[in-house]
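**Q** Full structure from sequences and hints, please.
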Amino acid sequence: MDWTLFVTQMLNGLQLGVLLFLLASGLTLIFGVMDFVNLAHGSLYMVGAYFCASLTDFTGSFVLAVLLALPLTALVGLAVEFIVIRRLYARDHLDHVLATFGLILCFDTAVQFLWGPEGMAIALPAVLDGQVEILPEIVFPTFRLLIIAVGLVVALGLYVVVTRTRAGMLIRAGASNRTMVAALGIDIQRLFALVFAAGSAMAGLAGMMIAPITEASIGMGNEIIIIAFVVIIIGGIGSIKGAFVAAVLVGLIDTMGRSFLDTLLKVVVSDQNAETAAPALSAMLIYILMAAILAFQPQGLFPPKGR
Amino acid sequence: MAPALLTVENLNKSFGGIAATDHVDLIVEAGEIHAVIGPNGAGKTTLVAQLSGELRPDGGEIKFVGQNITPLAAHARAHLGIARTFQITNLMLDMTVRDNVALAVQAYAGHSFRFWADARCEERLVEPAMAALARVGLADRAGSIARAMSHGEHRQLEIAIALATEPRLLLLDEPMAGMGVEEAQSMVAFLDGLKGEKTMLLVEHDMDAVFALADRITVLVHGKVIASGAPDEIRGDAAVRRAYLGDEGPLSNEESG
Amino acid sequence: MDRITAFSPRGWSMTVALSLLALLPIYVAVTGQTFYLDLASRLMILGMAAVSLNLILGNGGMISFGHAAYLGIGAYCVGIPAYYGIYDGLIQIPLAVACSALFALVTGAICLRTKGVYFIMITMAFTQMVFYGFVSMEEFGGDDGLVIDLRSQFAGLLDIEGATGLYYFILISLLAVLFLVYRITRSRFGMVIEGARANERRMQAIGYDTYRYRLVCYVIAGAICGYAGALLGNFTHFISPEMMDWTASGELIFMVVLGGTGTLFGPVLGAAAFVLLEEWLSTITIYWQFLFGALLIAVVLFWRGGINGFVDWAADQIPGRIITRTRDWIRRAPWRQRS
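Line by line, the protein sequences are chains P, F and A.
Positions 84 to 390 (the numbering used here) are the ones given, in order, by the first sequence.
Positions 6 to 262 (the numbering used here) are the ones given, in order, by the second sequence.
Positions 59 to 397 (the numbering used here) are the ones given, in order, by the third sequence.
Derived from the structure by calculation, the hints contain no laboratory data.
Here a beta-carbon is modelled for each residue, glycine too, at the ideal position from N, C-alpha and C.
One or more hints might be untrue.
Ranges of calculated distance between the beta carbons of each label pair, as one might list FRET restraints [unchecked claim]: (1) Pro152(A) to Gly148(F): 39 to 45 Å; (2) Ile217(P) to Arg270(A): 51 to 57 Å; (3) Leu150(P) to Phe198(A): 42 to 48 Å; (4) Ile166(P) to Asp145(F): 47 to 53 Å; (5) Ala173(P) to Lys200(F): 42 to 48 Å; (6) Phe360(A) to Gly183(F): 53 to 59 Å.
**A** Now the structure itself:
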């Protein structure tokens, strides 16, 4: 196996992993605290990407655009929470799923209306656009390294917020015992709105990070959101630690599977068979992983306590 | 000698280091009403959950007519003849009263992988269901949706469902919970009427009911059995009285009387 | 579920609707508007899929967000044999049903170990797995799908190559599926499924291994939907992974809820409303999906009875003593479990 390719793909896997974490942590928080299933989480990923694309065009600076797009995405999240989501907390999961499915249709069409059917590319500043040699003979795109760094910083920040601050304490308490938090006289509605906005901002951030690579496009969130679901199922719904572990696991397995599964298969089956089977199998790998984990741990790797 | 109907040996269950069931031994003989009492948080419901198979014990053994049933799931135990009622009403609220009971009958009248014939027209299911309802006095409510009934009627329906499974052992988890005085009295009378016909393990808060019905009483405190014996022995037991002091002393009126 | 009697308002409206459906090809033959035949065919196929989903979702309380997988599997079971020159419907259709049932059995065995939101997401994920599986099969067109050049053949006994022949085949299939589901929901098995939805813990305490019953129900629903998928492949002359995109699963749920969960005809009504709305809205604006999404949200927020609830409500408004009496009789009838 090619050593350089191996390390590069490990880094690519890690990059996909942190991206998934940005999405999955919001999903899992929203579910953990509000018991709410948000299919439209991927729409905020898309909205973040489009905001960032427009603002980059407008301000001429990607970094500035991200800083502006973050609160904007959070605002969109707040608005959605206020108009639709908060009426649904008391309903069952089926209602959550349906209404947020409707939201996806609305978002996709609204984006098409506002930005047109074409995707939008984002120009990166020269500093970020190049490649760096991280190890002898191994070069890696600077921007992908930045994604990894941003993801890790957010993960660390989230960890600090959740374990060290008052809001974090409420979030943890809310995830395990909703009535208790309400009984403490906390304004539960504000906590919910806050969590939803924070989750939206993180999803938006993920969109902003990926858009310079893939460009912002309609429905871009609809595919990755399923993988984010797989992540939180594997990690245990409601657990941020689980989301992180599972996101990195899924990111690595998916990327490595696509690169090396055919090589691995060639060891056991004929070359031709390996080449036919490998693409299908690697596309299904993370789902098989999920099934295998759930067969033994129906509540995921880190099942939240008291649920 | 025939084995006791239910034998519990050295049963253990703890949640996060707190023992809810602490080395419990218990024997229920066929035909008796065996009451389990204890102050709030003594682990009575946890015990019932382990006996019915909803909760796996951490250790120990549960035997039913000599057979070790500890590894069996709830539905398998039900098939051996253990029926339970729930402390908090637990019914198919969206279904009719009759369907609630008919489903209990159906669980024992052959298998349920029948996909074609109309179950509500099967005499084999409907008749025993109506009989069980008549027995608890709910025959005239058979067509109502369970949700629409009163709390007392829900409790009666719980019993009817349990009876419809033709159990050898009834686990009654606070059958009088939340009932008014009159309703509770008629429930006591009803259970008294079942005495001798069904073996019962009765978990109950209402001491009057317990002392009126039970052949034997086991007292549970902090998951431990502190006393077990005939009602008179329990009434005179010093440890029991100590356990209940401060807990409104429910035994005090028995003493003065 | 209500018993449908010939005398109830619902029974009447169904009889009328059926007659109209049966006569539609004549209207089309006279006016030459084949568009309506296509629309009705699609509507009935999706109706069948929605009925099968309703069996697990409405009656069983299992919120599957991956039901479109079976539409796709069923269609590929027509398309792949056709690709190799096997057009025999007596091979294709049993294959579609068997493969769907098998997929339901394997994934259901895992999915049903989970509860609530896990179940929703894991069913979704498995469907996505099949989706990507087919996307990466270049042999069968991958992303782009595959054209089916000829429809299923039934040894000269049946001809569904023409639009009318296929239409009647679909109509009869729909009726058969409705009757089958009607019997199942009222059988012993159906009672257990209903009971497990209403209160699983209680059912286990009574002595039911609810997991086994649910799994069988899941397999039946999958098999029926696989059959609908085989018809869909025949109808569209085309297969593609898009058929099992997760939004397709979402649309099936929408149909069921729009029509009214847990009712016999509701899903068909829901599918009809869905297809017709889609047609109508898309003539108004290219941004019709926004209206569609908003409507979905509105239905969830304000109109949970679905169309079936609306029909009940409308039936209440019809004057006349006979109808009111019949209705009251139906209301009081002991076999009615849900109003």
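**Q** It remains to establish, for every hint, whether it holds in the given structure.
**A** Cross-check of the supplied hints:
Between Pro152(A) and Gly148(F), the C-beta spacing of about 43 Å keeps the proposed range 39 to 45 Å intact. Checked against the hint of 51 to 57 Å, the C-beta distance between Ile217(P) and Arg270(A) comes to roughly 54 Å, which is consistent with it. At roughly 47 Å, the beta-carbon separation of Leu150(P) and Phe198(A) lies within the given 42 to 48 Å, and the hint holds. Our hint of 47 to 53 Å for Ile166(P) and Asp145(F) holds, since their Cβ atoms are close to 49 Å apart.
Evaluation of the 42 to 48 Å hint for Ala173(P) and Lys200(F) yields a pass: the beta carbon distance comes to about 45 Å. In this structure the hint that Phe360(A) and Gly183(F) lie 53 to 59 Å apart at CB is violated, the actual value being about 35 Å.
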